[in-house]
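Enquirer: The residues making up each chain are set out below.
2 protein chains.
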Amino acid sequence: MAMFCLMFALRISAQEHPGIMLTKKNIEAVRKGTDTYPLLKKSYQKVKADADKALVESVNVPTPKDAGGGATHEQHKKNYTNMLNCGVAYQISGDKKYATYVESMLLKYAADYNKWPLHPKRKENHQAGKIFWQSLNDFVWQVYTIQGYDMVYEAISPKNREIINAGLFEPMLKFFTVDCKETFDKIHNHGTWDIAAVGMTGYVLNKPEYVQMAIKGSAKDGKTGYLAQIDQLFSPDGYYTEGPYYQRYALLPFIIFAKAINNFQPELKIFEYRNQLLAKAINTSLQLTYTDGTFFPINDAIKSKTYETPELVYGVDIAYADIKPLPDLLSVAERQAEVVVSDAGLKVAADLYAGMATPFSYRPQLIKDGANGKEGGLGILRYGSNEDQQVLLIKAASQGMGHGHFDRLNLLYYDNGVEILPDYGSARFINIESKKGGDYLPENKSWAKQTVAHNTLVVDQTSHHKGNSDVAQKSYPEVLYFKSDNNLQVVSAAERNAYPGVEMIRTTALLKVAELKKPLVIDVFQALSEKPHQYDLPFWYKGHIVDASLKISGFTDQLKPLGENYGYQHIWLNAEQLVKEKAGYLSILNNKRFYTIHFATDNEVNLKVLSLGANDPDMSLVESKAFMLSAPKSNNQTFFNIIETHGRTNTVSETTTGASSALSDLRIISSDKKQVTLSFKVKQKVYTYQINYQNKENFIKLN
Amino acid sequence: MAMFCLMFALRISAQEHPGIMLTKKNIEAVRKGTDTYPLLKKSYQKVKADADKALVESVNVPTPKDAGGGATHEQHKKNYTNMLNCGVAYQISGDKKYATYVESMLLKYAADYNKWPLHPKRKENHQAGKIFWQSLNDFVWQVYTIQGYDMVYEAISPKNREIINAGLFEPMLKFFTVDCKETFDKIHNHGTWDIAAVGMTGYVLNKPEYVQMAIKGSAKDGKTGYLAQIDQLFSPDGYYTEGPYYQRYALLPFIIFAKAINNFQPELKIFEYRNQLLAKAINTSLQLTYTDGTFFPINDAIKSKTYETPELVYGVDIAYADIKPLPDLLSVAERQAEVVVSDAGLKVAADLYAGMATPFSYRPQLIKDGANGKEGGLGILRYGSNEDQQVLLIKAASQGMGHGHFDRLNLLYYDNGVEILPDYGSARFINIESKKGGDYLPENKSWAKQTVAHNTLVVDQTSHHKGNSDVAQKSYPEVLYFKSDNNLQVVSAAERNAYPGVEMIRTTALLKVAELKKPLVIDVFQALSEKPHQYDLPFWYKGHIVDASLKISGFTDQLKPLGENYGYQHIWLNAEQLVKEKAGYLSILNNKRFYTIHFATDNEVNLKVLSLGANDPDMSLVESKAFMLSAPKSNNQTFFNIIETHGRTNTVSETTTGASSALSDLRIISSDKKQVTLSFKVKQKVYTYQINYQNKENFIKLN
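First to last, the protein sequences are chains A and B. Per full-length UniProt numbering, the first sequence starts with residue 1, numbered consecutively. Per full-length UniProt numbering, the second sequence starts with residue 1, numbered consecutively.
Honestly, I wouldn't trust all of these hints.
Said to hold, decoys possible - Okay, derived cross-link-like pairs now, DSSO-like style, lysine-lysine, Cα gap no bigger than 30 Å in a straight line:
(1) K78/A with K683/B
(2) K681/B with K65/A
(3) K123/B with K24/B
(4) K560/A with K551/B
(5) K625/A with K625/B
(6) K512/B with K685/B
(7) K542/A with K592/B
(8) K123/B with K551/A
(9) K445/B with K560/A
(10) K608/A with K542/B
(11) K683/A with K78/B
If you're looking for bench data, these hints aren't it; they were derived computationally from the structure.
Sequences are here, hints too, so could you generate the full structure?
Expert: Following this line, the structure appears as structure tokens:
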């Protein structure tokens, strides 16, 4: 770190335009590539078609007025996209009309920008922008716009450049660094966008003082700024504390600014910084997806987001071209069906064309959280090919700041291309103006963040840390064990702070036994306390319950909410049944495959069947279903669950096989702080499964 | 008809084996084709792999015991598939082991068949089989098995053939024609399977008397039997009265037996019969699918059934090879990704390989119902390419016997590859033994068949014909008008018998106006009565309501059923709001596109928001949502609805366009028995839309 600071000096290479994603010396090669390599050709055709579409519309720079999703909001977003597209179209085609369009638009912005006050609709609890309702969108605007400007720089007369700089970019730099100083110096993704916008503008306008502020903070002391952000926002495994959805979002300004730094100041060796942290962060983003490309939707997340997102098109292209050309990145680029029309995109498209792609290498792994890697982590277990993969995610990471959910030891299960035990994600209809301007809905707080919305333990109908994120931010789970052998993958973690006086330990394994084709999910959730509590373990599931060990009788003529607070008020109780046997199962049919969830408990439990939607006057909650094991009053409590993945049904040929479970006789033999001993029967074979918390050499013993 | 009867004489061509789908003279060509043409190669590889898999298991012919979905049920189903696969594998590979397997299995059946009593678990209200819980499955078994036998015929010693005939096929022929005589002579799909099994067995065993009974009924007088079934079960447009799901099922024995007749008695020109009725029926089956290949799930239907179903693999292959080689059938075969390893499959695979396929030609059309084509029909409106097609189905067909639903004038809407306004289909988990043996659930009657489960009018909370199918069977709607110009497609139909004293007329159009990209759905539903009634018009929808013209407040702390009978008892009332303005809209987001359903009424209505699931103790009902326009008490009532299909949202790039409606000011200017005059505004343009019931030359007038 000290080394790096010494190396950092105010020396910017001779100015050439363009100089960021597309550089002057490569224009000719990229131009040829758009004729030669199908993916680059297609990507450029799209850019050019969009640019041509922009050109037929007149330049429209409306006075900022609307919230997210509204007309002026969308127009300004469209404008930066248009400027970038026209910039690229100008460089590749050489046709000046594209440059003229960008120039006219920037002159219009330059004429108006200073007249605009802070945006009249201000996003709640967010710093206002001038063009958009939050400053974040202004930063994003400039990250794209400055690239568009850079592309057409040489086509604009010095006089007009002066007008644009004086009317738009210079006041904007001031706004971003002075008015928004707090954000600029904040270790947070909004800060990253601010920094990247300022730094890139500094390079393009040749204003080294702004570059230096961007890299080392407004005080230029390295306590804040780009490098401090890389140090503090990512774990050594390249995990960004807010979770995958924000990781991919946060990543873009990091990598695009890194690319600029690398072009203008290669001697800073930014891609090598912190042991190739940026490459790790890109790879980790990809590892945080299911095989269909969707990000694990933990914390605040839009559920259908995939790695096809533009941020990861940049990420994959730069990782491959500028950091390390791993051939499995090419298959991701292929699925993205797009490259950035740039130096990096050229290389990706060329190598893809040369047939160098290999399937993306998903790996079971523990991704550690925290700047020093010591604040818990995410355990990811994977079995099977990318075409049909069982994936378990155990969330034992830290809170993840304001977008974090109260879901310590949450479990997600995917199989057969779909969600089996899902996470709700966030309560938000992004960009749908009629739903609170596309912003987070009140139900995000009252429902989506609450513990009961997740597949983890709720004690006394209260969320972890009583739903207080400041308190939750101060502590994190401990990962006790992680192993990823092919036939036994295990993650074990403990959470001791979510509920004072209650220790929670979850140990989840993917265990392949000889008798069955698909590995079993062996899930053991222990709560240890000296006082009695109500312990609720919900399983939010997709599919339809088609069988159960006990007769469940749904309430027929009335539904009531499950509780009053911490998300319970949003749940309808559909059925409730005492499980006297302390064991049982439910079978779910989902995407033509069966999932039998067996359970055994050491105290009597109630089986509750639940659906979402109570206390939702605006009908904003999305259909969700769960069953819950609820132990009404006990000190220690062990939930021993096995998810059996079996059989299939084909509704086209109308055949069903393997619908019956091969598992039985789940027993909790003993369970305490040091050891848990369990048994179960697969067909005729009895297995004993032991967890030894204090013996890392023999953590799981299977007989 | 008389002509045909004269031509029919008992003359069967010289016996050769095999002689049905695969014929001796073509074996060599098919064998070569399995090397040459990818689709035939792949299809044969699958057959052979399945045959090889069968061979490693020992022959298993259990004593019949279990209901549908159970072990013995599935084993016997598997056995006929195995025998057919092994038969084909024997013919193509020439390896005798496959023939030996079929022989051993048939000998086992022959040894046991006479010992088996009627099946111990009898399907409610169905005639028992011996091998299966209903005789229907026995017929199906034999349709496949006799083909397997035919394939290996020459490899079995005459002595063993005699044992098999005497122990299995002959008693079976007796069972099918004597014990099951009622079914054999019934004009119904169960009868068709019986007939086909008997007729094909008659050909293969060279027992012409059975062939003659199959073709002309047990009395050989033509009043029943195969030809009578073709005459009475299909409309002149090739529509089978029970609906698409049973049409494709009923079709298989028709076409497979036709193929046998054509091979053994080509002089009967069976494919020419009734103006090429079988070819029409196959084409109509395909026209009764959405562009994703799923059948319109009207009446009792499994929803995920597609034209990839084996019955239509047979249908498409035979239609193409034996009736008329229409190149658009090849693209269906391509999507089916399978051909029958047969003479017909060879031709399809060869022509597909030769690049002759064209996209399947979906056409807007009126498909008439009734043996004479005068019992109503289905109106299908279509707009757009197969990649993104708007489709409306208006059901104005007859009741369709026992599997019919009480849904006169029901409307289904598809767009963008998905259901927008769906039909529930049947309440059934097919082949899932834990759900009532995979059979129809009680909720099929109490819910799925009831009027309120459909997108059509319910009067006084009572189903059409009070839910009595015998009564319903006696009458049918009248199709008033059908037109399918590109910019205006219309279907109009009246139902006068569902509710005594109430005439219902629905006129639905797909109207392309210049101002909008996507056609509008203009839907006018009139009820005319001299007495006051409650009129409920539900819209079952997929997606999520994201906007509405009025503030809807969901019930927060309690849900109650909507009613007590006719399906209303299964519906939870989630919200209820008086629409004082007599007009309004709701916007639904579904698969990233917006659907704004505008409505205007001539009386005040309540807007009710509904979800399915009340009075469902076994939790068998599948999540469904609706809103309902409910006019509490009026004589005449007009519902004027426009579905506007607009905009899009992209959750990967996080952009939204066209979310706002461009429609407004819906007005009912006048509405009576003769004429309805309406107006609405698209952007700034006012349209007047007039329906003239008594003027077919000018049925819809648009200004």
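Enquirer: Are the hints correct? Go through all of them and say.
Expert: Going through the hints against the structure:
1. K78/A with K683/B: 23 Å, holds
2. K681/B with K65/A: 27 Å, holds
3. K123/B with K24/B: 40 Å, violated
4. K560/A with K551/B: 23 Å, holds
5. K625/A with K625/B: Distance of about 15 Å is within 30 Å: holds.
6. K512/B with K685/B: 14 Å, holds
7. K542/A with K592/B: 20 Å, holds
8. K123/B with K551/A: Holds, at roughly 23 Å.
9. K445/B with K560/A: With Cα atoms ~27 Å apart, K445/B and K560/A stay inside 30 Å; holds.
10. K608/A with K542/B: 27 Å, holds
11. K683/A with K78/B: This hinted pair holds, its Cα atoms lying about 23 Å apart.
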